[in-house]
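Could you build the full structure based on these sequences and the hints that come with them?
Taken in sequence, the protein lines are chains A and B. For the first sequence, position 31 (counting from the first letter as 1) is numbered 31 according to the numbering used here, and the numbering increases by one without interruption. For the second sequence, position 68 (counting from the first letter as 1) is numbered 68 according to the numbering used here, and the numbering increases by one without interruption.
Hints listed in this document are in silico derivations from the structure and should not be mistaken for laboratory results. Don't take each hint at face value.
[Stated by the list, open to error] Per label pair, the in silico range of CB-to-CB distance:
no., chain 1, residue 1, chain 2, residue 2, range
1, B, Asn-229, A, Lys-195, 31 to 41 Å
2, B, Tyr-228, A, Lys-257, 51 to 61 Å
3, A, Pro-156, B, Phe-270, 41 to 51 Å
[Unchecked claim] Some chain A residues near chain B, calculated using beta-carbon distances under 8 Å:
no., residue
4, Leu-21
5, Arg-29
6, His-62
7, Thr-95
8, Gly-96
9, Asp-147
10, Trp-153
Note that beta-carbon positions come from the ideal geometry of N, C-alpha and C, so glycine has one too.
Number of protein chains: 2
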Amino acid sequence: MSSNTVFLNNTFINTAQASILITDLSIQRGYGIFDFFKTVNGKPIFLDDHIERFYNSAKKMHLHVSQTPAELKSIIAKLMHTNNLPESGIKITLTGGYSEDAYTLPASQNLIITQQPLTIHHTLQSEGLTLVTYCYQRQLSEMKTLDYSMAIWLQPFIKENNANDVLYQYNGFIKETPRANFFIVTREGEVVTAKNNVLGGIIRKNIINLDGSGLKITERDFTLEELYNASEAFITSTTKNILPVYKIDGKKIGHGKAGKITEQLSTLLFEKMR
Amino acid sequence: MSSNTVFLNNTFINTAQASILITDLSIQRGYGIFDFFKTVNGKPIFLDDHIERFYNSAKKMHLHVSQTPAELKSIIAKLMHTNNLPESGIKITLTGGYSEDAYTLPASQNLIITQQPLTIHHTLQSEGLTLVTYCYQRQLSEMKTLDYSMAIWLQPFIKENNANDVLYQYNGFIKETPRANFFIVTREGEVVTAKNNVLGGIIRKNIINLDGSGLKITERDFTLEELYNASEAFITSTTKNILPVYKIDGKKIGHGKAGKITEQLSTLLFEKMR
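Next comes the structure, spelled out in structure tokens:
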């Protein structure tokens with residue numbers, strides 16, 4: 001991480017000094033939640049969506065945010081002013097907090113807000129992804145928890161398969177990648193993304209709610225077989241926006257390049273973000 | 001945690017000062033492993049088993065322990081000498097380490113060794129446990145990872161059900177509790193514990209390998225129904241040794257008190273530990 005200012009509980013400090021005691025439940029038990037949004041040209045993108053999801057994740061995980069959403073936004077504004085990084089990623093983390101017995105959830109948590117430089121591509125990136133599937137269902141999948149055990153553990157597996165990332169399927173049903181939602185475009189031109197037991201991504205939500213695309217965009221479960229037969233595939237995430245997927249498990253998807261509908265959605269998304 | 005000495009990477013420091021930077025992958029991604037053993041009368045119990053499991057967990061999770069087992073034992077001995085806590089629990093944690101991008105597994109990890117006072121019961125405790133079952137399969141179940149997301153998340157659920165802890169079952173097959181292995185004694189006198197996708201507990205291993213009990217002790221998958229019909233049930237863990245289970249999902253197991261075989265195994269275990 002580059003050395004800049006971080007908000008830790010009630011203080012702005014330098015990243016290099018930002019530490020928490022080892023009794024925190026994130027260190028002891030991997031427990032906590034976070035959210036992550038980008039700033040483009042000094043402006044946070046879909047901030048309200050991210051703030052809403054952050055409070056939802058916290059509540060569902062029995063964690064307490066001391067600040068109101070308005071206070072949180074004001075802290076974020078101050079952090080952005082201090083760091084002066086117009087193109088950045090901002091991560092708001094709420095760890096389990098200091099636990100007396102390293103197990104019982106304490107009443108108060110630790111809040112960490114970091115900001116890092118982040119280059120966002122403002123056009124559809126021409127290089128597509130190669131993914132490899134892996135059978136796994138994320139636990140507590142609707143909350144944005146700190147648990148990326150499987151994703152980190154699979155890093156050597158991804159390399160061995162010459163892939164950019166892993167795509168989770170469970171019992172043959174496509175889910176998501178560790179940090180992005182996943183869409184296919186069927187041969188009939190239907191845009192489909194998994195409905196159940198996936199994280200409700202903010203870009204995903206904004207794609208589904210796009211006006212005027214004239215496209216049929218559906219949330220439903222779909223299989224690995226349907227994916228292999230799709231004419232286009234792409235991922236959506238805060239850092240990647242829309243990124244086409246060219247190859248999965250060694251099989252080319254469609255023509256193995258960015259499809260027309262992927263391009264159309266990408267254009268509409270950039271208009272919405274502007 | 002009480003204030004005493006902790007080993008953090010290469011230094012002995014006070015717990016109150018023991019902190020790690022927020023870039024660590026435990027805080028960012030819940031990634032790391034640990035092991036935990038007890039000392040009785042100043043002597044570590046089954047230390048070699050725990051050390052072996054610690055290195056196994058690390059290796060399987062792609063983590064590197066800088067110290068050799070001998071060096072680790074020597075650090076533990078020094079920590080025990082400093083803290084002078086004859087009855088204690090010692091936790092060795094290896095966190096993911098400081099990651100540049102808060103995602104990629106770094107080459108070196110952070111090692112934390114803590115020691116806390118712990119009162120161990122040297123006889124079978126007469127109070128039995130009440131458990132409530134929950135459908136869940138631990139991920140990466142054979143490694144002792146930091147991931148207790150589900151266990152912490154279920155704390156309110158356990159309270160609502162007036163239970164002492166949760167017992168994981170998956171698709172009707174009994175697994176383990178968050179911090180203990182689980183055994184039943186069938187009406188035919190067979191002692192059974194789950195075989196697949198559970199943590200290989202050290203007490204569990206020492207029970208299975210007990211000599212001269214004359215009992216049939218089997219590792220095999222068994223169902224919720226078989227559990228409800230069992231004549232005895234108990235858990236095994238480093239802190240609890242053997243603890244009888246009286247009630248599960250509101251149903252009494254056997255006579256709802258410590259059974260004869262549970263008592264026999266408990267006696268044999270204490271002899272082995274002495």
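Here is what the structure says about each hint:
no., hint, verdict
1, B/Asn-229 / A/Lys-195: 31 to 41 Å, "holds, 39 Å"
2, B/Tyr-228 / A/Lys-257: 51 to 61 Å, "holds, 57 Å"
3, A/Pro-156 / B/Phe-270: 41 to 51 Å, "holds, 43 Å"
4, Leu-21, "holds, 5 Å"
5, Arg-29, "holds, 4 Å"
6, His-62, "holds, 6 Å"
7, Thr-95, "holds, 6 Å"
8, Gly-96, "holds, 7 Å"
9, Asp-147, "holds, 5 Å"
10, Trp-153, "holds, 6 Å"
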